[in-house]
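Protein chains in written order, with the working numbering: chain Z, 367 to 819; chain F, 367 to 819.
Among the hints, erroneous ones may be present.
When chains are identical, the list treats them as one kind, so a pair holds in a single copy or across two.
List of simulated lysine to any residue pairs, SDA-like, C-alpha gap at most 25 Å [claimed, not checked]:
#1 Lys679 with Ala790
#2 Lys442 with Arg607
#3 Lys655 with Ala790
#4 Lys679 with Thr373
#5 Lys747 with Asp538
#6 Lys679 with Ser572
#7 Lys655 with His403
It should be emphasised that the hints constitute simulated quantities derived from the structure, not laboratory data. Since this is a predicted model, take the numbers as computed values, not measurements.
2 protein chains.
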Amino acid sequence: MPNTQTTTERAAVEQFARDYFDHLAPYVRLESVSAQHRGIQDTADWLQQTFRELGASYATQWNEPGGNPAVFAQFKGASDHTILFYNHYDVQPPEPLAEWHSEPFEPTFLDDGTVRARGIGDDKGELMCRLTAVRYLQDHGGLPCNLKFVVEGEEEVGSGHFDDYVAHHADDLAADVCVWEGGSKNEQEHFTVTGGVKGILAFDLSVRTADVDLHSSLGAYVDNAAWRLIDALHSLRTPERRLAVDGYYDLVETMSAGTRAAVDRMDFDADGLRERAGLRQPFLRDDPKLASVNEPSLTVNGFESGYTGDGVKTVIPREAHAKLDCRLAQGQTPQACFDLIRAQLDRNGFRDVEMTFQLGEDPFRSDLDDPYFAAATDVAKAVYGTDNVRVVPNSAGGGPQAPVAATLGLPIVSVGCGYYGSGAHAPNESLRVRDYQQGAWYMVELMRRMGAK
Amino acid sequence: MPNTQTTTERAAVEQFARDYFDHLAPYVRLESVSAQHRGIQDTADWLQQTFRELGASYATQWNEPGGNPAVFAQFKGASDHTILFYNHYDVQPPEPLAEWHSEPFEPTFLDDGTVRARGIGDDKGELMCRLTAVRYLQDHGGLPCNLKFVVEGEEEVGSGHFDDYVAHHADDLAADVCVWEGGSKNEQEHFTVTGGVKGILAFDLSVRTADVDLHSSLGAYVDNAAWRLIDALHSLRTPERRLAVDGYYDLVETMSAGTRAAVDRMDFDADGLRERAGLRQPFLRDDPKLASVNEPSLTVNGFESGYTGDGVKTVIPREAHAKLDCRLAQGQTPQACFDLIRAQLDRNGFRDVEMTFQLGEDPFRSDLDDPYFAAATDVAKAVYGTDNVRVVPNSAGGGPQAPVAATLGLPIVSVGCGYYGSGAHAPNESLRVRDYQQGAWYMVELMRRMGAK
Numbered sequence: 367m368p369n370t371q372t373t374t375e376r377a378a379v380e381q382f383a384r385d386y387f388d389h390l391a392p393y394v395r396l397e398s399v400s401a402q403h404r405g406i407q408d409t410a411d412w413l414q415q416t417f418r419e420l421g422a423s424y425a426t427q428w429n430e431p432g433g434n435p436a437v438f439a440q441f442k443g444a445s446d447h448t449i450l451f452y453n454h455y456d457v458q459p460p461e462p463l464a465e466w467h468s469e470p471f472e473p474t475f476l477d478d479g480t481v482r483a484r485g486i487g488d489d490k491g492e493l494m495c496r497l498t499a500v501r502y503l504q505d506h507g508g509l510p511c512n513l514k515f516v517v518e519g520e521e522e523v524g525s526g527h528f529d530d531y532v533a534h535h536a537d538d539l540a541a542d543v544c545v546w547e548g549g550s551k552n553e554q555e556h557f558t559v560t561g562g563v564k565g566i567l568a569f570d571l572s573v574r575t576a577d578v579d580l581h582s583s584l585g586a587y588v589d590n591a592a593w594r595l596i597d598a599l600h601s602l603r604t605p606e607r608r609l610a611v612d613g614y615y616d617l618v619e620t621m622s623a624g625t626r627a628a629v630d631r632m633d634f635d636a637d638g639l640r641e642r643a644g645l646r647q648p649f650l651r652d653d654p655k656l657a658s659v660n661e662p663s664l665t666v667n668g669f670e671s672g673y674t675g676d677g678v679k680t681v682i683p684r685e686a687h688a689k690l691d692c693r694l695a696q697g698q699t700p701q702a703c704f705d706l707i708r709a710q711l712d713r714n715g716f717r718d719v720e721m722t723f724q725l726g727e728d729p730f731r732s733d734l735d736d737p738y739f740a741a742a743t744d745v746a747k748a749v750y751g752t753d754n755v756r757v758v759p760n761s762a763g764g765g766p767q768a769p770v771a772a773t774l775g776l777p778i779v780s781v782g783c784g785y786y787g788s789g790a791h792a793p794n795e796s797l798r799v800r801d802y803q804q805g806a807w808y809m810v811e812l813m814r815r816m817g818a819k
Numbered sequence: 367m368p369n370t371q372t373t374t375e376r377a378a379v380e381q382f383a384r385d386y387f388d389h390l391a392p393y394v395r396l397e398s399v400s401a402q403h404r405g406i407q408d409t410a411d412w413l414q415q416t417f418r419e420l421g422a423s424y425a426t427q428w429n430e431p432g433g434n435p436a437v438f439a440q441f442k443g444a445s446d447h448t449i450l451f452y453n454h455y456d457v458q459p460p461e462p463l464a465e466w467h468s469e470p471f472e473p474t475f476l477d478d479g480t481v482r483a484r485g486i487g488d489d490k491g492e493l494m495c496r497l498t499a500v501r502y503l504q505d506h507g508g509l510p511c512n513l514k515f516v517v518e519g520e521e522e523v524g525s526g527h528f529d530d531y532v533a534h535h536a537d538d539l540a541a542d543v544c545v546w547e548g549g550s551k552n553e554q555e556h557f558t559v560t561g562g563v564k565g566i567l568a569f570d571l572s573v574r575t576a577d578v579d580l581h582s583s584l585g586a587y588v589d590n591a592a593w594r595l596i597d598a599l600h601s602l603r604t605p606e607r608r609l610a611v612d613g614y615y616d617l618v619e620t621m622s623a624g625t626r627a628a629v630d631r632m633d634f635d636a637d638g639l640r641e642r643a644g645l646r647q648p649f650l651r652d653d654p655k656l657a658s659v660n661e662p663s664l665t666v667n668g669f670e671s672g673y674t675g676d677g678v679k680t681v682i683p684r685e686a687h688a689k690l691d692c693r694l695a696q697g698q699t700p701q702a703c704f705d706l707i708r709a710q711l712d713r714n715g716f717r718d719v720e721m722t723f724q725l726g727e728d729p730f731r732s733d734l735d736d737p738y739f740a741a742a743t744d745v746a747k748a749v750y751g752t753d754n755v756r757v758v759p760n761s762a763g764g765g766p767q768a769p770v771a772a773t774l775g776l777p778i779v780s781v782g783c784g785y786y787g788s789g790a791h792a793p794n795e796s797l798r799v800r801d802y803q804q805g806a807w808y809m810v811e812l813m814r815r816m817g818a819k
């Protein structure tokens, strides 16, 4: 039961968040579309200047490894503890413009309690929450601990230089905990605290069976590139549609009992997903939550061979191409998984199928018992209500957390102020104002709790 | 051993063929490109007029079932026997024009003994050979039997109306034998006499697993349209890469001993094919000749699903599409095979995979012991040399022979004057002048022999 003083302060912070939004709104108006190479430098300049105005002891732009600048800022606080915040300032293109109900880069408050703008959910609103907490704390006795902010400008185009920035500036980034972006309330209105990411391996498969496309009248005796790739792919899955790759599952780390229990407490709205996505087939696994957190996947992202236009073309395609991604469970690495799949294809008789590495990211999962991670959960329970908080040991998606954690040696916790309907990357992206206000209070309390460790 | 009189006449006919070529050359200059809707009516008019000049008792254009007109002509001869000749007057587009070494529609005689032009091989030269024989016989005592010619104008775009023409004009077309187009000398310089075609069934497969493409982070538990179609397709083949379709091979008629013997005598240049096409894989069958004549095939002509551009898109495709064709052995029909494959997909658990009929043609094979068929072979041996003739019971390809044979009740024999290097459909299409001259003599002798039956 919160005491009266806390209740009063919470109301004040939430009101301040709404008032201070207008001060930060220029951040949303800056059209920092990395894919379209526009607005980047202006936005980095605005951020650097804003960090200075907030009292940063140091605020700069990094650009030595190339790409869009990353903005770094550092604040001194009362205790020795240091929190590193990760966010990104670039946004997705606003197109298709015709589908927007208001100007994409003008934050627009609606009667339904949301504010709409490109990037408001992903991820400018989350950083604004954090800056609001900094301003409030600076104006009310100072920061409880040291804060660092790193805000990159290439997240929407693959974070191509972020690992390099981390490696070059490991000393600057040193901290006790990293508070990542990307938290939200899920469909059950439960606030999620996420401890990591799955890894990812993406690769292409290509096979060529001839120099030329042949007439299909030869099909009774001449092999076919499409068939060959179909056979090769099919050989990589068991009848249960798991990976039929020797040694693949041996790499997966066993979950601790605590992590397994957190998985069981996760929300999963199977019927909602089935309905929203119009799924026609049963789930591949009896326990989708467990699969989401800890099972590898092998997804065909695309397949192309031969003639795919209208009508009939009686051709034997000479080549076939597929694009795949593997979501990696904790313990797996992209290169190890790539090598195992390659070896399996060879054993299955498909040495002629070329396999090309496209990208890889290691998985990462924080120790859920780490005191900083526990602090994020405890504060969430205090702010959102004990029953309204769910710990996700790691998300089903990826992200460049592993090199940060490995280089800096710290736990990572993803929390934020989005909601299930934010529509990141889509037209009419939005945040709920109430979530934004609660998020500011959560950040104030989180800085205090982590700073008191 | 040919007698002196025959030798003298043969030389005369071969000389006449070369001289008369220039008279017929306007046929080649007419740019009858059906795919580009040009030159069609002019060419049909030229043919009708030419048949009249050659002494046809009746020459007309049919157009009542629609499409490009078919030219029909009829000549009266000494005996009651009637030969029906099938050819087509439309040609493939000449593009890419830059690859031609001379004007595509100007027949150009080269030092290597060939004449080059679009359509000279496929199929104007063959009809010109036949018209040359008619002119020669008319000028030397008259035709030995009745002749009928049907020349269609849509062969290069799928013969969409030809079956209808045959059905509408079955009485006009009545004959004892049909001499089809499309014969040639093969790589071994052996003249081929072909007795039929394989059938064909073309169909599309489509599957949809969701209403929307989903993020591949869900891939550990959400099914994938590309995988589903891969699995469905894979289920249709045995490990030996035959069709795994119940009842499919039961439809195939057993070959007679004579037909089987003809298959064994066929030429097959495995090494040449492997080298020319750059084949990387072994043949699917130990006996490609047998497979070519009498084994069904299942060819993936195309496969398309999801993202196939550059780089990575981490998507679970909601739909997947494949295009396939089946070459059908004697005894199989497109609808029966379609139904068996559909039933097998259902049994294999793929009721959700949609199967759409695209086109079908029945197979057809003449009785190789039929006296008219035997006459074509005997005359070939006399003209080209006994060791230089090969009987192909049916080609590996298709064609609208079955409805002709079924409607008119006659054997069909394919003979012509092309060669393995004719380059049908390609730039610099050519005929060898010597083959053309021999072909005219073969036609003179064939008309005489068939007329004397």
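Going through the hints against the structure:
no., hint, result
1, Lys679 with Ala790, "between (41 Å within a copy, 16 Å between copies)"
2, Lys442 with Arg607, "neither (52 Å within a copy, 70 Å between copies)"
3, Lys655 with Ala790, "within (22 Å within a copy, 59 Å between copies)"
4, Lys679 with Thr373, "neither (72 Å within a copy, 46 Å between copies)"
5, Lys747 with Asp538, "neither (32 Å within a copy, 91 Å between copies)"
6, Lys679 with Ser572, "both (22 Å within a copy, 17 Å between copies)"
7, Lys655 with His403, "neither (38 Å within a copy, 60 Å between copies)"
Checked against the numbered hints listed earlier, the structure breaks hints 2, 4, 5 and 7; every other hint is satisfied.
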